[in-house]
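Visitor: The lines below spell out each chain.
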Amino acid sequence: MSDTTNLLLSVTSKEALAKRKAREFREGIIQILLAIAAVSSVLVTIGIMEVLVGESWKFFTNPELKEVGIDNIFADFFNLVNPQWTVLFEEKHFGILTLLSSTLLTSFIALVVAIPIGTTVAIFLSEFAIPSVREALKPILELLAGVPSVVFGYFALNVISPLIRSFNQDIPGFNRLSAGIVIGIAIIPIISSIAEDAMRAVPNQMREGSYALGATRLNTAINVVLPAAFSGIVAAYILGVSRAVGETMIVAVAGGLQAIYSWNPLEGAATISAFIVQVSLGDIEFGSLEYESIFAAGLTLAIITLALNLVGFFLIKKYKETY
Amino acid sequence: MNPEQKTVGTVLQGEGVSIALEDVTVFYGINPAIQNVTLDIYSNTVTAFIGPSGCGKTTLLRCINRMNDMITTTQITGAIRVFGEDVRKIDPIELRRRVGMVFQRPNPFPTSIYENIALGLRVNGFRGNISDQVEKYLRLVGLYDEVKDRLKMNALQLSGGQQQRLCIARTLALEPEIILMDEPCSSLDPISSIRIDNLITQLKKYFTVVIITHNLQQAARIADWVAFLKVVEAEGARFGVLGEYATSTDFFTKPSSIDAYNYINTRIG
Ligand SMILES: Nc1ncnc2c1ncn2[C@@H]1O[C@H](COP(=O)(O)OP(=O)(O)OP(=O)(O)O)[C@@H](O)[C@H]1O
Ligand SMILES: [Mg+2]
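Protein chains in written order, with the working numbering: chain G, 1 to 323; chain U, 1001 to 1269.
Wrong hints could be hidden among the right ones.
[To be verified] Below, in silico cross-link-like pairs of lysine-lysine (DSS-like), each with a Cα-Cα straight-line distance of 27 Å or less:
id, chain 1, residue 1, chain 2, residue 2
1, U, 1204, U, 1136
2, U, 1136, U, 1148
3, U, 1204, U, 1254
4, G, 317, U, 1230
5, U, 1230, U, 1254
6, G, 317, U, 1152
Derived from the structure by calculation, the hints contain no laboratory data.
In this text, all values refer to a predicted model and were calculated from it rather than measured experimentally.
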């Protein structure tokens, strides 16, 4: 009797062992695949940063700078008082604020357009729209997100810009106001869809608590749902800004290509990304000062995006701590 | 609207019917949850809804302040009148200002403790001093001493029982005429629970209270009337019906149906 029990036990344990081994093998493979995916994305990021930082380093240490009359490249690059970006001229200056001012200005205009509209759309979709309306509107927004940005660029140039100029013909056709407005339109879907997801994730019982106190839908959306979804909404804004800061085609087509330092939205001037696309389309020599300056400008852009993400991260963290 | 003024109103109002349910049937989609409930709930009394889980207590309670409007699949037939008015004819916002509700699960807002109460006061156009009202009701539910130094703290950081008391305070602070409470004490310790019981007993001078509870001792202690709901099965569907409606004393001492008798005794014994 005890023999058979032993036999049975050993059979089942052998089977169980084999099964467990197979399972461990499978899970091992899955883990390795996941690790490869994770590591490769990190490697790609490191690779990109390496190129950016490496080429920028070459730029800042380039001996040719002395030849074009720049003694202190850092003073020139970070010249905030009287910046000039004259990379393609005889007398060269590399004041990044020239381009950065355009980037910041167009992004700011974009946010002024996109945050109110995107948030309102998100509130409407999540809190007010009946399901059929929501199902009809969401694909339209997704369509908007799928429009190639060069199309937005020509929309800015051929529709918005003439509209602005109809008030005053002295305004140039290439201006950053129209580029900024259209970037804003282009990032509305990002902001509204992420913000809407965040709001819809708010548990219904929280809304019911508010309705039960005699609050209206609008009261509830503003006083209860928005604070509850705050971190997701901040994430939506941050992603929107990142996209606006890096936006290239719209500004290249409609925002102007001259590197002028100006905070006047009615003037046209090149943003960092517009400059990069312009210079890389032209025939500049690989390894030249002009070529390396692209990377210095690109690195600036990358640092801004990184900083934005950090700000978003801390905002979310701070919110989670205090609330 | 301070309670003193209200007393006068109540005395004048006299012994009336606050809520009248007439042949109320509720379906979720094609599934009946509760059928043919008819009962009158009297002003300035505490009425307890008791019965086994899933018999439709919450469903019935949510009909009274039209919370079921939020669920698109619900179909309600029959008549529900609050102070003689058909609830379907009252603007739901207005109705809910007069008929407050405390939910089965604590659902504080993700804002500060103070704001949780102040918000409701503000949307209702409260005219008195908001911070006095907040303090008064935090004291009444026995939460004030625990949180007085951190009224700015997020309410989600409170314990479950503290959250529930905050939700009770937030509802009471509006001083509605009727208060619907769905198992308000299920997450409370015995001391807080007794405190809420005493509060309800005190407050019925001013309000009409309908309370759902699984705790029969609590029902016996605070309720004037007991509505016992039971589950029946018919034509392949399970739904709740009103099993018995009697004064608390009658219900607990001489239940008239075998179901009620069994329910009371399995629970206590
Ligand atoms: N939103 C809903 N959608 C569909 N069915 C529901 C919904 N809410 C409740 N029900 C169903 O209605 C019936 C009654 O539920 P209800 O919540 O009213 O019971 P209850 O008596 O409050 O139970 P408990 O004591 O467990 O809280 C249950 O069968 C439940 O599954
Ligand atoms: Mg319930």
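Visitor: For the pair supplied as a hint, residue 1204 of chain U and residue 1136 of chain U, confirm whether the alpha-carbon distance does not exceed 27 Å.
Guide: 17 Å, holds
Visitor: Taking only the CA atoms, is the gap from residue 1136 of chain U to residue 1148 of chain U under or equal to 27 Å?
Guide: Holds, at about 12 Å.
Visitor: Do the alpha carbons of residue 317 of chain G and residue 1230 of chain U lie within 27 Å of each other, as the hint requires?
Guide: 49 Å, violated
Visitor: Holds or violated: residue 317 of chain G and residue 1152 of chain U, Cα atoms, limit 27 Å.
Guide: 18 Å, holds
Visitor: Do the alpha carbons of residue 1204 of chain U and residue 1254 of chain U lie within 27 Å of each other, as the hint requires?
Guide: Judged against 27 Å, a Cα distance of about 25 Å means the pair holds.
Visitor: Holds or violated: residue 1230 of chain U and residue 1254 of chain U, Cα atoms, limit 27 Å.
Guide: 17 Å, holds
The structure is inconsistent with hint 4 alone, although it conforms to all the rest.
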